[in-house]
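Line by line, the protein sequences give chains A and B.
Going from the first sequence to the working numbering is simple: count from 1 and add 5.
Going from the second sequence to the working numbering is simple: count from 1 and add 711.
Note that these hints are calculated values from the structure, not bench results.
Where is the CB? At the ideal position from N, CA and C, for every residue including glycine.
Check the hints yourself; a few may be wrong.
On the chain B side, residues computed to face chain A include the following (Cβ under 7 Å) [what the hints assert, rightly or not]:
id	residue
1	719
2	739
3	742
4	814
5	816
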Amino acid sequence: DQQVKQNSPSLSVQEGRISILNCDYTNSMFDYFLWYKKYPAEGPTFLISISSIKDKNEDGRFTVFLNKSAKHLSLHIVPSQPGDSAVYFCAARVSGAGGTSYGKLTFGQGTILTVHP
Amino acid sequence: KAGVTQTPRYLIKTRGQQVTLSCSPISGHRSVSWYQQTPGQGLQFLFEYFSETQRNKGNFPGRFSGRQFSNSRSEMNVSTLELGDSALYLCASNTGVNTEAFFGQGTRLTVV
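All chains should be modelled from the sequences, with the hints used to inform the complete structure.
Printed below as a string of structure tokens:
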């Protein structure tokens with residue numbers, strides 16, 4: 006049962022243009038969402054997060070949008086740079102009472118982003 | 712501030728053996744979670760420890776176990792290794808109270 010899905014295995018974008026990575030989820034209990042960037046044989050690097058009480062969060066070139074009714078979130082990277090080429094993972098978490106679920110992240114399968122010079 | 716440190720980085724073991732992986736979290740972080748990454752299954756949650764107690768567990772067999780020490784360092788153990796246990800094992804730490812998780816570089820385990 007894939008509770009977090011990234012339906013696009015790969016995305017190719019020209020340098021300077023916008024990259025849009027999408028993520029869908031099925032568990033309505035998820036209330037905190039994160040995006041990570043990952044290179045092969047390395048650990049994921051945290052990029053940006055959003056709580057379910059918001060619909061948008063920005064940090065520099067990265068913006069995450071959350072549409073709770075559609076159970077959909079997206080990561081926008083503007084402008085895209087060749088150094089952004091990596092695998093991007095969307096992750097979700099349930100913040101249970103007493104913190105029982107804080108550490109458990111459910112990940113999507115990842116999207117390989119390639120930014121061409 | 713030092714990041715999450717995992718040791719060793721690479722490991723080769725034989726089927727049937729057991730292995731112990733180590734994770735030192737960011738200073739001040741009390742929660743440590745472990746994940747397994749394989750090409751077919753992606754990143755899957757193994758378990759989380761908070762203040763030396765297992766707080767959450769994923770759907771892995773009992774051969775996978777862990778523990779956390781009073782200084783928040785954590786170890787993960789896999790007994791009776793199988794070929795399918797070959798994976799990148801990742802450790803993540805956070806403060807334990809609704810914050811982002813930061814990952815280590817991972818331990819690449821190969822079972823032959």
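Hints, verified against the model:
| no. | hint | verdict |
| --- | --- | --- |
| 1 | 719 | 13 Å, violated |
| 2 | 739 | 15 Å, violated |
| 3 | 742 | 5 Å, holds |
| 4 | 814 | 3 Å, holds |
| 5 | 816 | 5 Å, holds |
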